[in-house]
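As a plain string of letters, each chain reads:
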Amino acid sequence: MIQHSKELDRYLADFERFEKNGLRGGPSWVHQVRRAAISGFAELGFPTTQHEEWKYTSVAPIVKAPFRPADDEPDGLTKESLSLHTLGQAACAQLVFVNGRYSPALSSIGSLPDGVKAGSLATALSADPAAVEPHLARHAGYHDHPFVALNTAFIQDGAFVSIPKGKVVERPIHLLFVSTHDRPASTGLSAGFDMAQDRRGKAIVSHPRNLILAGDNSQAMVIESYIGLNNALYFTNVVTEIVAGESAVVAHYKLQRESEEAFHISTVQASLNHSSNFSSHSIDLGGALVRNDVNAVLDGQGIECTLDGLYMVAGRQHVDNHTRIDHVKPHCSSRELYKGVLGGRSKGVFNGKIYVHKDAQKTDAKQTNKNLLLSEDAVINTKPQLEIYADDVKCTHGTTIGQLDQEAIFYLRSRGIDLEAARGLLTYAFASEMIGRIKVEPVRAQLEHLLLARLQKDS
Amino acid sequence: MLEIRNLHASVGGKEILRGIDLTVNAGEVHAVMGPNGSGKSTLAHVLAGRETYVVTAGEVVYEGKDLLAMSPEDRAREGIFLAFQYPVEIPGVSTTYFLKAGVNAIRKHRGLEELDAIEFLAMVKEKMKLVEMDQALINRPLNEGFSGGEKKRNEIFQMGVLDPKLAILDETDSGLDIDALKIVANGVNAFRSPARAMLVITHYQRLLNYIIPDFVHVIFDGRIVKSGGKALALELEEKGYDWLKPEADLAQHTIA
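For the protein sequence lines, the chains are A and B, in the order given. Following my numbering, the numbering of the first sequence begins with 1 at its first residue and continues without gaps. Following my numbering, the numbering of the second sequence begins with 1 at its first residue and continues without gaps.
Extracted from the complex, chain B is given alone in its bound form (with noise of 0.2 Å):
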């Protein structure tokens, strides 16, 4: 589904990818985990479309086309779709006028009828049990006024809405205390599914308790330093990130 190839990207001139390689392929949870400063965040925003990264080598390459070509909103119509780490709040439009424009551009991209209103609310009502979300909440301005769980849930409660192929959630469990956690996992564990890939950032390895990845890989310093399988993530919960240091130091000798 997805296979990003020596990935390099910048930031107003700093350089934060610098080769990433990695394959996703539909079915699997990928979980993609490393210190702050890692890379981890650039990469998700790369790979929704943020235009502040600026790629300078390497290519993307999801379900045969050229990731990197597309526009963000292309992407989402794709079907990738992207849970921020930080949900933005617009004051003065509703959770549910903004999200129907969405459904509505994906839909149509895909060749299908848009939904009135009526059904909009139908299929809204079913994914809101999702992350028990409730109504009130989504009439509301987006993401005013959200305490950073019910932005959380409100991020999950969009995928569901907006059914991507592929969806990234960046450092969903961050600010979380355990049932908001709980609630999001729940969420995300009733969207997997052998058609849908994810791609799981995180700093701890406590979501991944909840959300059992297939594979796990360690960005240090804009690299994929290890992969591996579910335990590699307890390793890092019980040894921090220092001891993959050195290898990236190796990485970086090896290739210079």
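With the rest of the complex left out, here is chain A (with noise of 0.2 Å):
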């Protein structure tokens, strides 16, 4: 897959000017971590649908177009600006970064227990090092999978979260990222949203770097939303690396709504340890073009691991996702539910692998995705991949791809209910499921108010 074109050229060089600005800084075990993950990414080069783990989804137009790191933090963004999106300051600790990178101003993070952090990744790698290296880019490895590589090269920001043993933090911890254009310096445009005079400005292209430490019986809910602000295009490429301590419980929330132009790329790689319980959320709404993976590493006994997904998208909206599962050790369990909704001319693409290692006896992992297909022209294509070395486990999994039943909308119209509205009732009724699953109510109550009034949009 060595493919020296121009389009790398411009990331490796862009890679240059980066290491060489003194101002990205940082010890110097992270320059040789970027320096290595440069020439993975050099090796490697952009992935295309020759790739088997790349075979539905042709990243071609985020190597075309030519993104660039973002210079400045915008102006304008004030935390009323962004009040729409975030979660209410008294329900979660907010931590606001724009363009990938960490904005004090917009965050609020009121008060955390004792030794609980959450600040920015720039803060943590200068003030607190030895808290960073023994985990930042040892999880998600950057050697097999070209965009990893390229965030991890790009390391610069994002949020570390940390959770000394045995503590709960009751508040969840809300990483909101907004991306936005950078603009010519005399914009004096102030409401009124100049689409022409956007367009003159930059596409941004950003690496949020997410460490998030849960220590030994610990607790946190962590929750990640992107967010664009103008209908930009612009390209998110993150990485979220989880460690789970023994005993801890983690539940990870990501909330995906960029604009409706932008490309999003994200790993969320987690390693579980002995008896800890990880879930993830994975929202997908916004993006032109979106690939998430989900990696969860079992390397412990008595691990429980749930791996929750909602895709909705409409237009010609692309969204991939792939899973791994990795049981390493016996006695855990897993459990994976990913349902899309697609629309218009949408394509979606579930991959979802779980690997029973060797020594992994009585796992129990189930596996199960489900698609409701509200166009003749949405596609999906699904695929679920068991590899099972251990012989005494329990593996399952199922996939669905329906329609909406036709006697059930017609039960709703009998009752007055328009057609259309019908529709929109009962693809929220596929939906819901996943919503219910959600724990933290602002979450959960954000979610719903979007779903409702994306279906009275649709409609």
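In short, the hints are calculated from the structure, not lab data. Don't take each hint at face value.
Okay, the calculated bits of chain B under chain A, using three or more residues with CB under 8 Å as the criterion [what the hints assert, rightly or not]:
(1) 47-61
(2) 71-85
(3) 203-216
The calculated lysine-lysine pairs, modelled on DSBU-like cross-linking and capped at a C-alpha distance of 35 Å, are [as the list claims (entries may be wrong)]:
(4) B/Lys182 x B/Lys125
(5) A/Lys439 x A/Lys362
(6) A/Lys370 x A/Lys55
(7) A/Lys79 x A/Lys20
(8) B/Lys65 x A/Lys439
(9) B/Lys100 x A/Lys370
(10) B/Lys125 x B/Lys245
(11) A/Lys362 x A/Lys394
(12) B/Lys230 x B/Lys245
(13) A/Lys439 x B/Lys151
(14) A/Lys167 x A/Lys79
(15) A/Lys439 x B/Lys100
(16) B/Lys108 x B/Lys65
(17) A/Lys117 x A/Lys394
(18) A/Lys394 x A/Lys55
(19) B/Lys151 x A/Lys366
(20) B/Lys151 x A/Lys370
(21) A/Lys117 x A/Lys353
Think of the CB as a built atom: it goes at the ideal place given N, C-alpha and C, for glycine as much as any other residue.
Grab the two chains, each in its own frame, and use the hints to assemble them into the complex.
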């Protein structure tokens, strides 16, 4: 897959500029990691559909677009302007990132239990590198996933969350990632949004890097939200590494609502230890081209791992969810449920791999992917992949692809509900199971609101 | 209120209704009986607007309007209600949520103010008594995990809430034990009024012990082959449907 195209060279040149810039700083081991990652990326190149893991998702549009890292934080953003996207200050600790960089002015963390850290990775790298070094880039491999490699090469900022042993963080920690255009300096535009003007801004790429460390017997909920302002064209390439210590309980939510033109590629890499409980909820509503990888390595006994997902796309959106669960040790269970709603000419991909290593006896794994196609032109490619090398395990998988039930539509219409509302109600009914599984009230409320608004808009 | 003239309907190219004529006036309860496959349920679904049935001939005039030209939702808004033989289960949507959407669509159509949540719940509480529905049931996802009796009660409860002019009950008695049957029948009887009409479709005479019809019609092979008073139902119970067969053959013969 070696392809030294001019697109690849552009990223390599960006990297050289990035590394030369003294401001990017960080301890020397970070530079080594970045260097190793950029070589990994140069070697891997951008994936093509020849690559098995990228068979149904062409990243050509991302490769072609001349994305550049953001220079400065755009002005004009205020807490008020983001209030629609936050989850309520009282309810959550809010950390806001603009184009991948932490914004203290827009954040409001409030008080956290003693020893709990929630802040910028850049700050942690300079102030407390010893806390970061054992984990950063140690979990998400950059030798086989080109976009993880690219992200790792450009590690600079993102969230660093660390929960000490035995601490329970009751308030969810909300990481809000906002993407914008860089605008021409003399922007006299206030509230009025001028599309043509905005178009002259350059398309931005950001590589947010998050590290979430939950110590033994700790508990935390972390929410990542991704939004775009002004329907901009931009590219978010995020990697989140999560480490759950022994008996830790970690709930991770990712709510992707990027702009309609945005590209979003993400990897969540979770390393789970003995008796920990990890749940991942991955919600995709936005973006033009979206690829998520959620990988969990169950490297201890008695671990419970839940991977939930909901993707709801329309128009020409493309969303690809790849998951991989590695059962390394015995007596662990994993539950995976991904549901998709595809309308218009949208395309969805689900690839769920469960890998049961030979020592992982008594593994109990269940995977389900259900899809609702709302139009003739929507497409879903779904593939369960079970690789089992132990002989005493229980692994099941199931996939469904269906359309709205005509009988149910008629039932609703016979009660006075019009056709479009009936379709909306049934679509909501299909998706609502995933909403019900969300345990963080402000997230559930926000999602419910978004889905209802979406269905009303579609009708 | 309702006039059905020479109604023909088919599904998948197979003709099921082959010339139904029926007039229903306000205040009347009509029972439609017949053996399995005679077209009773098809008639109910055609009247409610189910699109899988294609009307090939005839007309249906409802309150002076061409019923067949209306969408299913418009028929409901104009006051037609179908109690389903097999009510649909919809996980993820509660009965209250769905019913409020229906009630308000109907009210809007009739030029009435939409009900807010409080007004709606007050109205619903009143109607729940009709069929002894309990609150827990209507807060659950629509019909999901309901017993057969609960589903049928839910249908009659919905009828009470939606307040139709013409209610069509499609084998509402099927699968009910005697207690459930009585509850459902009481609900239906409480709903009878001079302003409303009902079409009670049933296979068995049993339901008609509790809901006394003004007229009984027998459908055979897609046509009404005999009409009479409530005594006809008892006669059918005694003799079964076979004795009507020659008349059906005769009717067919006469037309051919």
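Looking back at the hints listed earlier, which ones does the structure fail to meet?
3, 8, 10, 17
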